[in-house]
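Undergrad: Respectively, the protein sequence lines represent chains B and U.
Last residue of the first sequence: number 180 in numbering that gives the first Met the number 0, and the count goes up by one each step with no gaps.
Last residue of the second sequence: number 557 in numbering that gives the first Met the number 0, and the count goes up by one each step with no gaps.
Warning: the hint list may mix true and false statements.
[Said to hold, decoys possible] Listed below are the simulated DSSO-like cross-link pairs for lysine-lysine, each with C-alpha atoms no more than 30 Å apart in a straight line: (1) U:K337 x B:K17; (2) U:K22 x U:K3; (3) B:K8 x B:K70; (4) U:K324 x U:K420; (5) U:K548 x B:K8; (6) U:K324 x B:K111; (7) U:K337 x U:K325; (8) B:K111 x B:K72; (9) U:K260 x U:K325; (10) B:K17 x U:K25; (11) U:K420 x U:K329; (12) B:K8 x U:K325; (13) B:K8 x U:K500; (14) U:K548 x U:K500; (15) U:K260 x B:K8; (16) U:K337 x U:K500; (17) B:K8 x U:K329; (18) B:K78 x B:K43; (19) B:K43 x U:K548; (20) U:K168 x U:K260; (21) U:K171 x B:K17; (22) U:K25 x U:K3; (23) B:K17 x U:K420; (24) U:K101 x U:K25; (25) B:K8 x B:K72; (26) B:K17 x U:K325; (27) B:K8 x U:K503; (28) U:K329 x U:K260; (29) U:K503 x U:K3; (30) U:K171 x U:K329.
If you are wondering where the hints come from, they were derived from the structure by calculation, not from laboratory data.
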Amino acid sequence: MSITPPPQKVWFNEPVDKVELLWVGMALVWALIMFAMMPLWHLKGSQNMSNEAYRISPDVYQARVDAFVEKFKVGEEGKAKTPVVRPPAGSDVYLLARLWEWYPVLELEQGKSYRLHLSSLDWQHGFSVQPANINLQVHPGIDEVVTITPTTSGDFGIICNEYCGIGHHTMLGKIRVVAGK
Amino acid sequence: MVAKPVFRTCGLTGLKIHDEAEKLIKANAVVAIVVLAVGGLFGLLVALTRWPSVHLLPADLFYLALTAHGIDILIVWCIFFEVALMYFASAILLGSRLAAPKMGWVAFTLMVLGAAITNWKVLEGNSSVMMTSYVPMQADPLFYVGLILFAVGALIACFIFLGTLVVAKAEKTYEGSIPLVTFGALVACIIAVYTIASGAIILIPTFLWSIGLISHIDPLMYKVVWWGMGHSSQQINVAAHIAVWYAIAAILFGAKPLSEKVSRLAYLTYVFFLQIASAHHLLVEPGLSSSYKIFNTSYGMYLAVLGSMIHGLTVPGCIEAAQRKKGFNKGLFEWLRKAPWGNPVFSGMFLSLIMFGFLGGISGVTMGVEQINIMIHNTIYVPGHFHGTVAVGTTLAFMAITYFLVPALWQREIVAPGLAKLQPYLFGLGMGVFSLFMMGAGTLGVSRRHWDMAFSDAPHAFSHAPAAYLMMGIVGVSAVVAVVGGALFVLIIVASVLFGKPIKAVAPAPAPSPVASYGSEEHPSVPGTFTLALLFLTMFVLYYFVNWKYLASTWLLS
């Protein structure tokens with residue numbers, strides 16, 4: 000039994016039944032297929048994690064965000080009068096996370112690519128674009144660069160999905176994707 | 000002078016039971032169940048708050064309750080029960096004395112003290128940092144002290160387990176190799192040791208940082224090391240509850256492993272490959288390369304998943320072989336239909352086995368794919384997954400074996416057998432539905448650890464799909480069903496221990512008689528189990544590729 004010592008002292012030499020060997024073989028093949036899928040998607044797929052990130056101090060990041068907002072601001076929006084920024088396609092776009100806001104509101108064009116920078120000024124935050132359902136972790140001190148191409152248009156919420164203290168659930172930002180011409 | 004160890008013979012199983020070991024097992028199991036009750040209550044409060052139309056607690060208490068629920072259930076309940084299991088699998092199954100029982104009490108005291116301190120700090124309200132306590136968010140220094148004390152206690156318990164294996168071998172209390180269940184407990188113990196090491200490496204500096212002796216803890220480094228504890232501690236659970244499955248199969252059916260070699264090698268893959276999978280939690284972190292993520296989160300090419308899939312065949316397989324030997328040979332599933340579904344030891348174990356595989360297992364591997372994780376990270380899908388592993392897998396398996404431990408160790412009958420019959424179904428099915436619909440809401444983008452899915456105080460407006468609200472409502476209802484099942488378990492066990500009819504060991508029962516040898520040399524035929532396994536693999540493959548298809552439809556990222 001499983002709760003008593005094996006009856007045969009050298010249990011390692013016991014023959015193994017076909018059913019078990021067959022299942023181990025099938026499971027192993029499946030494991031290898033799953034393993035191959037990840038590198039394969041990096042080669043063939045269009046939804047992959049970026050490997051580009053830099054150490055950055057929060058002050059420097061904030062200065063970049065401020066310069067970015069100043070350059071491309073087109074309006075204000077929401078209860079907190081968050082600036083709305085419309086950067087040109089293909090450019091570097093800066094989004095800042097802090098207790099408890101996403102800054103600024105981004106206006107992007109459908110089907111165009113942007114180099115999106117993400118960083119936090121204080122704690123960790125979670126960049127969760129809904130309902131597109133894209134979820135990335137945002138760290139203080141790390142400037143994370145993701146090339147992002149919105150394929151659907153409309154207003155998207157940026158939910159903070161990394162717990163960041165008592166105001167966590169009020170931390171909601173916005174990305175507006177304008178339909179391509 | 001060292002007192003001579005006192006033994007008794009179990010009237011139910013014929014096992015030789017060391018008095019000191021029995022006391023320690025009881026003490027650890029009792030605290031585990033008390034913590035399960037407390038942690039479960041916090042869980043209920045969390046669930047009732049996330050149920051949109053109830054929304055019970057204010058935000059601060061919600062985050063407090065969620066922190067307490069995570070720590071009490073994921074860490075304290077599981078580890079206390081696992082210490083009891085380790086002592087059982089070593090001293091009792093090997094018929095040995097427990098090594099250093101006094102140190103066992105030191106370990107026990109440290110663990111109780113540590114858990115109490117951390118809970119106290121959480122309840123005070125200044126340490127609502129979630130179980131993960133990601134820096135730079137800071138908790139009260141004593142919050143970390145409590146966790147460290149608890150870990151030291153658990154580490155001592157691990158070494159008592161290892162010491163007992165040495166004692167049993169030296170005093171020749173058994174012949175040949177240790178039983179498979181003890182082997183499983185050994186695997187759990189090895190994982191526990193490096194889990195606790197990871198915990199010490201990160202929590203001690205974090206404590207020093209919280210009292211101002213260290214100026215900075217890098218948040219990414221914290222996560223890499225913390226998850227070496229956080230994820231691996233759940234792998235202790237996996238190793239332990241699989242040992243419980245094998246133990247129950249042996250206790251109820253006299254089941255013998257189909258093949259010692261295959262089952263033990265499957266366990267061995269855990270020792271080699273489980274730890275690296277803690278990188279699962281870092282799939283969408285900046286600053287870690289994709290090759291690091293792919294190798295580590297795939298457990299080095301899914302070799303530990305292979306181990307679990309093997310157990311998925313061999314555990315029900317050994318039951319099928321034993322049942323067929325007894326004559327339940329009709330068709331594919333007579334062995335399963337005629338299994339003792341009214342015995343909570345069996346029903347709990349089998350529900351745990353099935354749901355751990357289908358709910359927790361499939362979802363866990365799928366969400367652990369580097370790219371698919373982009374759709375799932377930190378959504379409520381994640382707790383959906385781990386309630387499919389820790390609640391319906393580990394907790395239900397531990398509940399099932401408790402129905403055996405009470406008559407065996409406390410020598411009391413289970414009170415209210417009718418309710419006990421129902422209990423695993425209430426808890427298991429409630430938790431199963433709960434877990435499934437959390438995963439559903441997660442795919443719609445509902446966030447975990449979030450007080451207000453309506454965002455009423457946010458600067459912008461955003462509304463989730465109505466289906467997300469419906470699913471969170473179902474999550475709330477099923478949580479209540481599961482909590483009723485959990486409460487029933489606690490009440491039945493406490494009442495049985497206190498007021499259960501004593502079982503008189505009339506005559507020393509005969510030694511456990513394994514059913515006649517039907518080892519692999521006799522080619523046990525397990526067609527029913529193989530059919531179940533094929534069904535599982537089909538579901539797995541379909542679900543896996545459906546997620547890739549879903550991923551392909553979202554925004555482009557590179």
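Undergrad: Any hints this thing doesn't respect? Which numbers, in order?
TA: Numbers 3, 5, 6, 10, 13, 14, 17, 18, 21, 23, 25, 27 and 30 - these are the hints that the structure violates, sorted from lowest upward.
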